[in-house]
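Colleague: The listed protein sequences correspond, in order, to chains A and B.
Residue numbers for the first sequence follow the numbering used here, so the first one is 1 and each next one is one higher.
Residue numbers for the second sequence follow the numbering used here, so the first one is 1001 and each next one is one higher.
Possibly wrong hints are sitting among the right ones.
Listed next, the in silico DMTMM-like pairs over lysine to aspartate or glutamate satisfying Cα-Cα at most 25 angstroms (straight line) [to be verified]:
| no. | chain 1 | residue 1 | chain 2 | residue 2 |
| --- | --- | --- | --- | --- |
| 1 | B | 1054 | A | 11 |
| 2 | B | 1054 | A | 110 |
| 3 | A | 156 | B | 1110 |
FYI, nobody ran anything at the bench for these hints, they're computed from the structure.
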Amino acid sequence: MANIVKVGMADLNVCKSPEGITTLGLGSCVGICIRDPVAKVGGLAHAMLPDSRQIENNSNRAKFADTGIEDLVKKILAMGGRKGRLEAKIAGGAQMFAFQNKSDMVRVGERNVEASKRKLRELGIPLKAQDTGLNYGRTIVFYPETGDLVIRSAGKPEKTI
Amino acid sequence: MAENISFEKVTTEYYDVLKELGNIGAGNATTALAQMLQTKVDMKVPQVRLLDFKDVGVVMGGEEQLVVGIYLAVEGDITGSIMFILEQNAGKSLVSKLMGMPPSESGFSEIEISAMKEIGNIITGAYLNSLAQMTNLKMIPSVPDLNIDMLNAILSVPAIEFGIIGDQILLIQTVFTDDVDLNGYFILMPDLDSYSKMLGALGMPI
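From just these sequences and the hints, can you work out the full model?
Modeller: Quick look at the structure:
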């Protein structure tokens, strides 16, 4: 088995084929996976909040979908990826509880997904697939070699998008 | 200015107060649990820890382990939310004791879920009550909401709330013991202005 790089909450990292990259138990957070299919390098960002500009304490750039994606792309380019070739898949953004009472928390999963898509569009990176929303957690493993994104959830069959 | 409060800046003194709040709250919760189960329940001294997001799942026993998360909103003088997290099997064992019947084979049945909600309600209610008494502030819990899923997925909700102000999460770990050790975790998420109100009521204004 090839080595799998682990990414924590509010964190991001990159890997090179045949390595894969994973993050465990995405809930309302969103996992953004980007790869260059030619250079076979890629990475994953585990973002908690949609927009760094709405939060005063925004020094941890990986925490936000907008700045997390920017930094992830920079890292992939530094590893030999090329801008015009990048493609993305995203997963997560669930609503784990029916009520989330704070204004910052309302539909935060959905807003994380929207913000990720917006940023990808802005950077001209096509979104190849997504598995988002609903009310359950997802562990994801992304392989820059094939672009496969494997998704595991509690009590559900594993799927690949 | 309330917006500038960062949990990283919580001094040792505040930390001790939160620890004490954790202690008393968990003590009350244990008593309530014992009454509900009509059995003796002991509690180890709770541990209060400030953890980085990436570490919290590991510290709590693994990011993917199945847990019960019970989440309530708090209204009154203090607003915010509280979460109680219990490992799935510990939850099932509590439910089976409460109902006097063996746990279902896999997952939670409808009735087990409603019993679990009730347990969560009583434990968090007892917890909030002791905080309310100590601070003399009114705290009214909402109806609990429950989900059973991977730890990190459940944790993402309080982590995001903490993420709005900082990069760490404050965790109160309580070990209840009846015949086995049950690990329970409380996560208090007072709104920013409530946080200072609570500490102010304890004579330590921010």
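Colleague: Are the Cα positions of residue 1054/B and residue 110/A separated by 25 angstroms at most?
Modeller: Since the Cα atoms of residue 1054/B and residue 110/A sit roughly 22 angstroms apart, the hinted pair holds (cutoff 25 angstroms).
Colleague: Does residue 11/A lie within 25 angstroms of residue 1054/B when you go C-alpha to C-alpha?
Modeller: At roughly 8 angstroms apart (the allowed maximum being 25 angstroms), residue 11/A and residue 1054/B satisfy the hint.
Colleague: Is residue 156/A within 25 angstroms of residue 1110/B, Cα to Cα?
Modeller: Measuring from Cα to Cα gives roughly 19 angstroms; hence the hint holds.
Hint violations for this structure: none, all hints satisfied.
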